[in-house]
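There are 2 protein chains.
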Amino acid sequence: MTRTLIADLNSHLNEEVVVKGWVERIRELSSVTFLILRDRTGRVQAAAEPGLVSRLKLSTESVVELRGRVKPEPRSKMGFEVAVSTIGVLSAAGPLPININGPTLNVPLELVLDNRVLTLRHATINPIFRIQAALAQGFQSFLIREGFTQVFTPKIVASGTEGGTELFSVQYFDEKAYLCQSPQFYKQMLVGAGFERVFEVGHVYRAEKHATSRHLNEYVSLDLEMGFIENEHDVMDLENRLLRFMFEYVGERCEGELKSLDVVLPVVPVIPKVPLLEALELLEREFGKTHEGRDLDPEGERLLSKYVYDTTGSEFVFVTDYPWEKRPMYTMPKGRDATRSFDLLFRGLEITTGGQRIHSYDLLVENMLRKGLEPGQFSSYLNAFALGMPPHGGLAIGLERLTAQIAGLINVREASLFPRDRHRLTP
Amino acid sequence: MTRTLIADLNSHLNEEVVVKGWVERIRELSSVTFLILRDRTGRVQAAAEPGLVSRLKLSTESVVELRGRVKPEPRSKMGFEVAVSTIGVLSAAGPLPININGPTLNVPLELVLDNRVLTLRHATINPIFRIQAALAQGFQSFLIREGFTQVFTPKIVASGTEGGTELFSVQYFDEKAYLCQSPQFYKQMLVGAGFERVFEVGHVYRAEKHATSRHLNEYVSLDLEMGFIENEHDVMDLENRLLRFMFEYVGERCEGELKSLDVVLPVVPVIPKVPLLEALELLEREFGKTHEGRDLDPEGERLLSKYVYDTTGSEFVFVTDYPWEKRPMYTMPKGRDATRSFDLLFRGLEITTGGQRIHSYDLLVENMLRKGLEPGQFSSYLNAFALGMPPHGGLAIGLERLTAQIAGLINVREASLFPRDRHRLTP
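Line order of the protein sequences matches chains A and B.
For what it's worth, numbering that gives the first Met the number 0 labels the leading residue of the first sequence as 0, then goes sequentially.
For what it's worth, numbering that gives the first Met the number 0 labels the leading residue of the second sequence as 0, then goes sequentially.
One thing to keep in mind: the hints can contain errors.
When chains are identical, the list treats them as one kind, so a pair holds in a single copy or across two.
As the list claims (entries may be wrong) - Simulated pairs of lysine to aspartate or glutamate, EDC-like, Cα-Cα distance not exceeding 16 Å:
| no. | residue 1 | residue 2 |
| --- | --- | --- |
| 1 | K175 | E145 |
| 2 | K208 | D173 |
| 3 | K272 | E23 |
| 4 | K208 | E174 |
| 5 | K272 | E314 |
| 6 | K325 | E413 |
These aren't lab readings, by the way, just hints derived from the structure by calculation.
Note that this is a predicted model, so its numbers are computed, not measured.
With the hints as constraints, model all of the structure from the sequences given.
See the structure below:
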């Protein structure tokens, strides 16, 4: 007899079914044993013979297979329950290190992560990653429709994209290599290789020593790069449409997950744009906030988001025209001091960095020199610019950050299945 | 005026258009300059004023923007050409290290890879990666429909999945870590974490010292794992349906690409299954081929594929029941000597390894010990088996190998945008 998923039980009323899953709760009465059974699609109450627990040595979180009839039961949440005729244990759970079967999981984050297989089963955690998967799928679906090609570029590289800091080193046979910080160079090269529009969903690595709630040392980057743009506004406009699509995609597929997390998806409006220098002035004027150098710090990002939300209703804001000294050498200059670049803030956190890139060989060399970099160190990248390179730009979205902001998580680690940080290499 | 893609020109006959792309060929006559312009969607002939090359210093592979009228022209391949009124160079190409504008690219593989940005533009190379992207998308689309969740698991790990060989080491702050050989442990843990069915599209790393035409040191693994199976045949049956879907998906979306490469997609039948020992007997009987130990070597794989094709018409064959000593410790035993495992051969090459996994804690410990492994070294994995683990199995498909077999490529490096091998870290 084939298995029926719990979500499909309502179409099998008064029928005999086989259900498989985890025993989430056990309540023994003198005349009956009630179980809450959980599978990937939901939870259902099952009523079995009394004394079951001792007969089968049944423990919570064990995996069972039960056969029974789907019986109307007005007192149960779903309006029915499974009247069990036979039950077998497929895999017994031993003593559980933490209790995961309350409505909330009051456990410190480190313990949540140490016991990931168990905590991922919790109704407030599991949905985070279904939403994350839908975000990744929405990203891909939209871009394929827009003529982008999915690419897979190397993560073991000979040198860094930004000039050598924050890199993890790899022993690559007899050579020293590095883990890629960003597919930036490869995305650009592939635009020039004739694909014009490419995206990548893949890991990137930052040997950032400081543990903050916003950083991971390994994270998933949703990257795209597009050729034949006019300027950075084409990239922002694409992201605006992309995010709208992704949020609709999640909204349609993750209704239950959003409800479990008790969160509401934001509307994606025409996203306001504020040049960085104006943003800094605004923060000083409105909040008396000063900055070290010409950049937003985390508090500045939060205040600016708040101001934009209060004045426009948008939970998103593009900060544009970053100063030349704050952006990497491949960023297209705008005048002498600024660049055609942007960040996107969402609910107070930067989730995207993007912009137009330099496509002229000569300008790229000039910009490298002005940054104090040695063009010869970037030859395999630089060569591509002498072979016909369209004007282009792109962006990267941090998948865990985006997920965390949607789900209202305090720490980005909560949005990574198995996060890697300064002190964590397992599980 | 917005850009018109070359593939859309036929719906703009006698209209003024702007076309952008690379100048693939230039032919100067006394009265006219003919250009072949290429964008991501195709190629078109353009007719411009004479003397254009010297006036603009126009070189092949430069990126241009041209404005003109789409004019019926029976002598051109497409039945029309663009009569150019103005043309501007967006990015000039310098001298080209190799000529890429012939119908075939007679260049040694190392040179093809050294000049990847250029060679990827060639009509016999570019389509390989559009097909690859469609394969990856088809894989995801099918599995999402089947209730799988996409996951992203760490590639920096504390130890190897197979016990420590062929690992690249990473300096992870003050600790020594490794690049993941396979998401095997994480896939299984996530089945147990309640997702039941998961897939991952991501890089894996093998520090394989021997350069062969079948191996890459970094490759893309299409991984899946599914819970609540009866045995390994459930996994093979899923792969059978999965491959049928993926090939149909590619067939519908890559007609032009398949034609450019002059290849035909195979039909995916009900794939025959041959137990390994029978396969070895068969090879000895039919071809007089003997083997060292109980395993197929590359020649054995080719001969077996040929035999199955000749006798059944199938270009695929599952080889099942691998001996216990040939499979990793997590493989479900079948009797004392065999395992519930399989390989899938496609056109003479192994493209998948899979099977049922052990889901019992005690059996897993026993199997580790029998393999001479120390269970304590795998504790963060092993612990998951004491928390309620459904019976499960899964598989991995090598994306580059699958692509290479479809495209009829001799070396798997040809199916990687920027391959990493023993001697190659750039571009």
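Hint check:
no. : hint          : result
1   : K175 <-> E145 : neither (39 Å within a copy, 42 Å between copies)
2   : K208 <-> D173 : between (27 Å within a copy, 11 Å between copies)
3   : K272 <-> E23  : neither (48 Å within a copy, 39 Å between copies)
4   : K208 <-> E174 : between (24 Å within a copy, 13 Å between copies)
5   : K272 <-> E314 : within (12 Å within a copy, 56 Å between copies)
6   : K325 <-> E413 : neither (29 Å within a copy, 38 Å between copies)
Checked against the numbered hints above, the structure violates hints 1, 3 and 6; every other hint is satisfied.
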